[in-house]
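Residue numbers (the numbering used here), protein chains in the order written: chain A, 9 to 198; chain B, 79 to 321.
Please note that the accuracy of each hint is not assured.
Have a look at the derived ranges for each label pair, beta carbon to beta carbon [claimed, not checked]:
#1 B:D285 with A:I149: 17 to 27 angstroms
#2 A:L182 with B:I276: 44 to 54 angstroms
#3 B:K170 with A:L46: 51 to 61 angstroms
#4 A:R57 with B:G192: 45 to 55 angstroms
#5 A:K53 with B:T110: 14 to 24 angstroms
#6 A:R140 with B:G192: 15 to 25 angstroms
#7 A:R57 with B:H220: 24 to 34 angstroms
#8 B:E190 with A:E92: 28 to 38 angstroms
#9 A:T35 with B:D285: 16 to 26 angstroms
#10 B:E152 with A:R140: 55 to 65 angstroms
#11 B:D290 with A:L182: 43 to 53 angstroms
#12 B:I135 with A:E92: 51 to 61 angstroms
Honestly, the hints are just simulated from the structure, not real lab data.
All residues carry an ideal CB built from backbone N, CA and C; glycine is no exception.
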Amino acid sequence: MANELILSNNEINIDVACEAIGHEWKTTINAMFNIVELIRKVDGKKGFRELQEELDKRGIMKRSVFVMFKSIAENHLIQTNLKEKLPSSYNTLYYVAKIEDVEVFESAIKNGTISSDSRLEDIKNFVNSLYREEKDEYGSIKPTAKTINLASIKVSPSDFRKNKSAILSYLQQLEQLGVVIKLGKDVDKK
Amino acid sequence: MSKPVIKSIVEEHPFSEMVLFENGKYIVFGNTQYSDLVKIGKCPKVKSNSLYLNGKIQDLSGSGYEGLYNQIHELYDPSLIGSLRIQSYQVKFIQKTIKIFGATHVKFYGNEDGIFVNFFDVLRSISEARMNRKHETRLLFHQLKNQPVNSFEMTFNSGSFSLLLPKSLHIGFGDNKVGIFTDDETDEVYLLRDPEVIQPVIHTFNDRLGQDISFSLPSNPSLLNLGTNQPENLELESDLEDF
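Pulled out of the complex, with its shape left as it was, chain B reads as follows:
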């Protein structure tokens, strides 16, 4: 009875090489390209524990299943630094924008002005990765909510974000740098790890000036040597004669 269910779950997740079945739940681990992604779903018909690698059952001892499951459970039940509920059309919008904009990453952040999502191509901030000199360092931002929230931020790989089903989702931003995307209807959960890449542009709105202000991070560390008199470390600032 459970074999066809297992087969269909494995086949439904082509982005994964490994699927764990434990205690009526399945856990799908993203392959090398999506190594930041884990999906958890329910399969009450599958009673026995098992691990599948590339569609083939693996030999794992009894406690091994539980240990692996517990590690994942630990990941998806952290303290949250922020949370957000987005509608299916907002998920679709983000996924469409990722495609059009060619964003490698999306950054979610919240502050007293609301909750935002930024789209950017991190490769544009790496000088070695530039295809031509006229490449712009660019950023697209979009406001998702206008209610003030406590400050938080988290970045996700666009590729993994694009694998989410376009449904109404609750997003929890864990203090363990894991984003927890829950479909409350089905109780399916996607975990997306923050790869902690640095957004190449810092963008803010200045109330006093009434202007958007952007700072572009140097893609090349040699910018520090443009005669801006920046010391390598603080000790250089003081001299023995100062004391």
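With the rest of the complex left out, here is chain A:
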């Protein structure tokens, strides 16, 4: 009788109920990570898009949910052995999956920013703050053309004098190919 969910006086047996629900809940979390692993196996294979459409068409998994699981699967920092330390809902885990930097991810787990108790809003705010930082960085980049040095050659003055016409002829040919030649101040072209 002690193992019954409902006791004889019609009360809930709290210990039994906690254990039973806890067991099933763990199964749910395991199932979520199993789905992540399954998607990881098929991700990037031919027919992946068709699978997504078929799951939706057959009423198994909506496209929006599949996309979330796909995002989680794509982030290899999210591993099954960390499941005790990660949020147990795929909605929250989807936002955790947006953290790609190893150091940020590990320190967030260490300091408790990410935990099994994390709420969706908290993780969302944390991820958005990371994005804001990166966005600001991008905003400060001024794309400018950079000239790459292809080669730099040093020739002794005596060698240069001996092979002057040949060297200048080669340099001229390179210039004709569009390479910018910068000669040292002490080079006498005459």
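Given the coordinates of chain A, work out where chain B should sit on it, guided by the hints.
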């Protein structure tokens, strides 16, 4: 009911001359200038299949729509050699850089150091196309991610890339030389074909030297005749007396 929807979809895509409506989806084919681009979107209100060329409906048999649709479907569901998720501000950054740098092409590539994008003007590597002799062969590169990935590379036309909406996108690099840009929010997909142009500069970082190393590809094949003793083919290397 579907006519205004069709009209607005056709008008929303001025870079296209041809739009196919099939099974609640629309497929926009880029015009001559953007022939490397196809966009796929949803239009559940459009029930019947049809093909529009320059805004006018075309006569296509029942199986014709499906055949064309299947060909496109085949293109956007390949095995991937790499993938990447970029944020809206990164798309904006790339589009802005294309404009400022005057890049004709962008090359995405990944390796153990991360994922990068290179900007270059392919015309600078064609000797006939040079406007003056002082034109530099130049390349701008930018690191998008620093996580190691399996090696891949794909090049896209800058013009077509600039047509992407600046949104968070998942990019799949197909083994069929097609880049699949998906907006997960709306499920809109852009397909960009790799024109397989050769980047004029090979750029790498050498760990041992701690230096960036660049090799410029010759724009003129006559460079091979500068006395570098390069045989035309391997057979020239051996002589009958060697055997």
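Going through the hints against the structure:
no., hint, result
1, B:D285 with A:I149: 17 to 27 angstroms, "holds, 25 angstroms"
2, A:L182 with B:I276: 44 to 54 angstroms, "violated, 20 angstroms"
3, B:K170 with A:L46: 51 to 61 angstroms, "violated, 35 angstroms"
4, A:R57 with B:G192: 45 to 55 angstroms, "violated, 26 angstroms"
5, A:K53 with B:T110: 14 to 24 angstroms, "violated, 34 angstroms"
6, A:R140 with B:G192: 15 to 25 angstroms, "holds, 22 angstroms"
7, A:R57 with B:H220: 24 to 34 angstroms, "holds, 29 angstroms"
8, B:E190 with A:E92: 28 to 38 angstroms, "holds, 31 angstroms"
9, A:T35 with B:D285: 16 to 26 angstroms, "violated, 48 angstroms"
10, B:E152 with A:R140: 55 to 65 angstroms, "violated, 40 angstroms"
11, B:D290 with A:L182: 43 to 53 angstroms, "violated, 20 angstroms"
12, B:I135 with A:E92: 51 to 61 angstroms, "holds, 59 angstroms"
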